[in-house]
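Model the placement of chain E on the given structure of chain L, informed by the hints.
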Amino acid sequence: KAGVTQTPRYLIKTRGQQVTLSCSPISGHRSVSWYQQTPGQGLQFLFEYFSETQRNKGNFPGRFSGRQFSNSRSEMNVSTLELGDSALYLCASRIRDGYNEQFFGPGTRLTVL
Amino acid sequence: DAKTTQPNSMESNEEEPVHLPCNHSTISGTDYIHWYRQLPSQGPEYVIHGLTSNVNNRMASLAIAEDRKSSTLILHRATLRDAAVYYCILISYNQGGKLIFGQGTELSVKP
Numbered sequence: 790k791a792g793v794t795q796t797p798r799y800l801i802k803t804r805g806q807q808v809t810l811s812c813s814p815i816s817g818h819r820s821v822s823w824y825q826q827t828p829g830q831g832l833q834f835l836f837e838y839f840s841e842t843q844r845n846k847g848n849f850p851g852r853f854s855g856r857q858f859s860n861s862r863s864e865m866n867v868s869t870l871e872l873g874d875s876a877l878y879l880c881a882s883r884i885r886d887g888y889n890e891q892f893f894g895p896g897t898r899l900t901v902l
Numbered sequence: 304d305a306k307t308t309q310p311n312s313m314e315s316n317e318e319e320p321v322h323l324p325c326n327h328s329t330i331s332g333t334d335y336i337h338w339y340r341q342l343p344s345q346g347p348e349y350v351i352h353g354l355t356s357n358v359n360n361r362m363a364s365l366a367i368a369e370d371r372k373s374s375t376l377i378l379h380r381a382t383l384r385d386a387a388v389y390y391c392i393l394i395s396y397n398q399g400g401k402l403i404f405g406q407g408t409e410l411s412v413k414p
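Protein sequence lines, in the order shown, are assigned to chains L and E.
With the working numbering applied, the first sequence covers 790 to 902.
With the working numbering applied, the second sequence covers 304 to 414.
The shape of chain L in the complex, shown without the other chains (with noise of 0.2 Å):
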């Protein structure tokens, strides 16, 4: 089976501008998770969708949005970028609801300038 998968890996944006990170979750399922990891905040919860309704919430402000498709694939926005926006984002699956386990993709590594 195909593990998580994003894309773009890299991306590099200057500030004010918007970006839209894609995650592909394992086949099968349901649920998608993002995540931001900087060196000064760690890994931090932004969102998670569960057949396409957003569950859960971080507490990051209203740039940052995503969604959810009905393959299950989720896309994040982030709206007029800042310089702290630079960070490893990170989604992460899983089957369903409940205590099991997530599976995380490679990341998007997004810079602004």
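Hints are computed from structural coordinates only; laboratory data are not their basis.
The reader is advised that the hints may include incorrect statements.
Simulated pairs of lysine to aspartate or glutamate, DMTMM-like, Cα-Cα distance not exceeding 20 Å [claimed, not checked]:
| no. | chain 1 | residue 1 | chain 2 | residue 2 |
| --- | --- | --- | --- | --- |
| 1 | E | Lys401 | L | Glu841 |
| 2 | E | Lys401 | L | Glu890 |
| 3 | E | Lys401 | L | Glu864 |
| 4 | E | Lys306 | E | Asp370 |
| 5 | E | Lys401 | L | Glu871 |
| 6 | L | Lys802 | L | Glu864 |
| 7 | L | Lys802 | L | Glu871 |
| 8 | E | Lys306 | L | Glu890 |
| 9 | L | Lys846 | L | Glu890 |
| 10 | E | Lys413 | E | Glu318 |
Same frame as chain L, but now just chain E:
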């Protein structure tokens, strides 16, 4: 969200056992203890999880204290590929996919 406390870093010699501790004194009765690790330049990967009893899988063992206020991840024979940051995370059923990562323990393995 219940919190965990881990040492910032630990060192191990190759082929020796490693015991990575985690304190979670505010754990609730339905919280599961999960361990993830993040190898350099990769996303985190699931290692093991448990509720009350000790657990084993092909990667590691998880020893859970009787009062559940602490747990220990055991790597039976550390290899250089085990060098990573190890995260101990508590998950409640209603938490869904929201993992709260602390700082974790950075494990270095010496040949």
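Outcome of the hint check:
no.: 1; hint: E/Lys401 x L/Glu841; result: 16 Å, holds
no.: 2; hint: E/Lys401 x L/Glu890; result: 11 Å, holds
no.: 3; hint: E/Lys401 x L/Glu864; result: 17 Å, holds
no.: 4; hint: E/Lys306 x E/Asp370; result: 16 Å, holds
no.: 5; hint: E/Lys401 x L/Glu871; result: 25 Å, violated
no.: 6; hint: L/Lys802 x L/Glu864; result: 17 Å, holds
no.: 7; hint: L/Lys802 x L/Glu871; result: 10 Å, holds
no.: 8; hint: E/Lys306 x L/Glu890; result: 19 Å, holds
no.: 9; hint: L/Lys846 x L/Glu890; result: 19 Å, holds
no.: 10; hint: E/Lys413 x E/Glu318; result: 9 Å, holds
When held up to the earlier numbered hints, the structure conflicts with hint 5 and nothing else.
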